Each structure stands twice: as C-alpha cells, then as structure tokens.
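Q: Keeping their order, the protein sequence lines are chains E and S.
Just remember that the numbering used here sits 238 ahead of the position in the first sequence, which is counted from 1.
Just remember that the numbering used here sits 156 ahead of the position in the second sequence, which is counted from 1.
No wet-lab data here; the hints were simulated from the structure.
Bear in mind the structure is a predicted one, so any value in this text is a computation, not a measurement.
It cannot be assumed that every hint is accurate.
Where chain E lies over chain S, by a calculated footprint (3+ residues, C-beta under 8 angstroms) [stated by the list, open to error]: (1) 191-200; (2) 257-265.
Dumping the calculated DSBU-like pairs for lysine-lysine here, alpha-carbon to alpha-carbon at most 30 angstroms [to be verified]: (3) Lys-295/E with Lys-213/S; (4) Lys-291/E with Lys-309/E; (5) Lys-157/S with Lys-295/E; (6) Lys-308/E with Lys-256/E; (7) Lys-309/E with Lys-256/E; (8) Lys-295/E with Lys-267/S; (9) Lys-255/S with Lys-173/S; (10) Lys-251/E with Lys-293/E; (11) Lys-173/S with Lys-267/S; (12) Lys-255/S with Lys-267/S; (13) Lys-293/E with Lys-309/E; (14) Lys-309/E with Lys-295/E; (15) Lys-295/E with Lys-173/S; (16) Lys-213/S with Lys-293/E; (17) Lys-255/S with Lys-256/E; (18) Lys-293/E with Lys-267/S; (19) Lys-291/E with Lys-255/S; (20) Lys-255/S with Lys-309/E; (21) Lys-157/S with Lys-308/E; (22) Lys-255/S with Lys-241/E; (23) Lys-308/E with Lys-295/E.
Stretches of chain E that chain S covers, calculated by requiring three or more beta carbons in the stretch to come under 8 angstroms of a beta carbon on chain S [unchecked claim]: (24) 304-317; (25) 345-351.
All residues carry an ideal CB built from backbone N, CA and C; glycine is no exception.
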Amino acid sequence: DVKVTQSSRYLVKRTGEKVFLECVQDMDHENMFWYRQDPGLGLRLIYFSYDVKMKEKGDIPEGYSVSREKKERFSLILESASTNQTSMYLCASTLRQAGGFYNEQFFGPGTRLTVL
Amino acid sequence: KNQVEQSPQSLIILEGKNCTLQCNYTVSPFSNLRWYKQDTGRGPVSLTIMTFSENTKSNGRYTATLDADTKQSSLHITASQLSDSASYICVVSGHNAGKSTFGDGTTLTVKP
Numbered sequence: 239d240v241k242v243t244q245s246s247r248y249l250v251k252r253t254g255e256k257v258f259l260e261c262v263q264d265m266d267h268e269n270m271f272w273y274r275q276d277p278g279l280g281l282r283l284i285y286f287s288y289d290v291k292m293k294e295k296g297d298i299p300e301g302y303s304v305s306r307e308k309k310e311r312f313s314l315i316l317e318s319a320s321t322n323q324t325s326m327y328l329c330a331s332t333l334r335q336a337g338g339f340y341n342e343q344f345f346g347p348g349t350r351l352t353v354l
Numbered sequence: 157k158n159q160v161e162q163s164p165q166s167l168i169i170l171e172g173k174n175c176t177l178q179c180n181y182t183v184s185p186f187s188n189l190r191w192y193k194q195d196t197g198r199g200p201v202s203l204t205i206m207t208f209s210e211n212t213k214s215n216g217r218y219t220a221t222l223d224a225d226t227k228q229s230s231l232h233i234t235a236s237q238l239s240d241s242a243s244y245i246c247v248v249s250g251h252n253a254g255k256s257t258f259g260d261g262t263t264l265t266v267k268p
C-alpha cells in the first residue's frame, strides 16, 4: 500500500521561529511536492522536486525553502515563520511521467501549522 | 491562465440521494483530470483519473465523466452515505509533472 507520511499532524510555532516540515514516501517516486491549503483558495503549489537535490518554485515560494537530500524525503523550511503562514500543508508524490500521461499524486495526511 | 472552476461551492443532500458535482477547466495542453475526496483534516485521496480519450470512469458509487471538447467533467455520487461528507476536488494536469491546476472544491454534506 502506497504511503506518504508527514512528520507532524499539528504544529504550533511562534513568529520568527524556523520551522521544518518533513515528508517521506515509500513508493520510490521521483517527484515530490509541497502545497498549502487555505479556505477559499484551494491547494497552491509552494515547491516541487523532480529528483534528488533538484527543486523548482511553484506558485507561492516566497518565505519558504526546500531540501531534497534523499529520494524518499522532501523537507519544507520556513526560515522565519509569520502568522500569514498559518495553514494546512500537504505533501504529495508521483512517479516521473513517461509519455506525458498518468501522473496521479499521492498525498500525505497534512500538517496543520499555526503560527502565533 | 489555466483555471479549474467547480460548482456548486457547497451542497447539502439527504442520505440515499444522488448528486452531481461539476468541473469546468481551461487547462491546455491537457493530460489528465482527477477527482479527489478530502475528508476534514486529511489529505486528498484519489477517486478517479481520466485521460482525454476516456469519457466515463467509475469507482464504486462514484462515476466521473469527461467531455474533452467542452472541457467539462462531472462527478456523480449514487445512493449517498454519511461518509460521503467531504470536499471533492477536481485537478487538471498538463504534461508537466509539476503543474497541476486545482479547483477550490465542492463541500458535500450528507444528512441523515
């Protein structure tokens, strides 16, 4: 059974703290993603990675960075957390596309981050 | 700009009734369209995935349709159950693995 796990389900941090969110997948997927989900805004892509040590900015990368040192692990870093980063963070992974078709994303359970 | 619009925004139905959720998109080029179910406080779980050559796909009581010409999709839920209460998200992808466009979702509430 495919599985994407995230390090915490709930996290409370203070403004200015450095925050690490970790995601691990056991499916040997090449691509991994970080999204945030806010009411009325849907899922928005922060960063994604298509290989170890590779990363690309998504739609809203400001205030975030990522790290992918191993294929199965993709970390999201908030260098200095702010209250507007309070959100639900979702990690996902997919196989590398071949032929440009099926690229079903498997999601983790999410981390609800609150920044006070 | 690629967009995915879902309607209605929210829906309340009685247990046992059927319902249909809509998804219109302007994503181009088109690779596939997926419907996800997201329970409150959880990550999305895939229900169906369709390419442009597929018109209908079923997963139990869930049936998705796709009209690639009009760029419309629907998700039909038959004989609804209380556990169907969730947000249903339509996602459309092109050929770039990193660029999927998400709809805002339809929140379905099934009441006894």
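Q: Decide if the proposed pair is consistent with the structure: Lys-157/S and Lys-308/E, CA atoms, cutoff 30 angstroms inclusive.
A: violated (34 angstroms)
Q: Hinted pair, alpha-carbon criterion (30 angstroms max): Lys-295/E, Lys-267/S. Please report holds or violated.
A: violated (41 angstroms)
Q: With a cut-off of 30 angstroms on the C-alpha distance, tell me whether Lys-293/E and Lys-267/S pass.
A: violated (44 angstroms)
Q: When you check the alpha-carbon spacing of Lys-291/E and Lys-255/S, does it fall within 30 angstroms?
A: holds (19 angstroms)
Q: Would the hint linking Lys-291/E and Lys-309/E be met if the CA-CA limit is 30 angstroms?
A: holds (9 angstroms)
Q: Are three or more residues of the segment 304-317 of chain E within 8 angstroms, CB to CB, of chain S?
A: violated (count 0)
Q: When you check the alpha-carbon spacing of Lys-309/E and Lys-256/E, does it fall within 30 angstroms?
A: Judged against 30 angstroms, a Cα distance of about 23 angstroms means the pair holds.
Q: Could you grab the alpha-carbon distance between Lys-309/E and Lys-295/E and see if it respects the 30 angstroms cut-off?
A: holds (18 angstroms)
Q: Taking 30 angstroms as the top limit, are the C-alpha atoms of Lys-255/S and Lys-309/E close enough?
A: holds (20 angstroms)
Q: Within the segment 257-265 of chain S, is the number of residues with a Cβ closer than 8 angstroms to a Cβ of chain E three or more?
A: holds (count 4)
Q: Holds or violated: Lys-308/E and Lys-256/E, Cα atoms, limit 30 angstroms.
A: The given pair, whose Cα atoms are some 21 angstroms apart, holds under the 30 angstroms limit.
Q: Within 30 angstroms, alpha carbon to alpha carbon, are Lys-255/S and Lys-173/S?
A: Distance ~35 angstroms between Lys-255/S and Lys-173/S Cα, so the pair is violated.
Of the numbered hints given earlier, the model fails hints 3, 8, 9, 12, 15, 16, 18, 21 and 24; all others are met.
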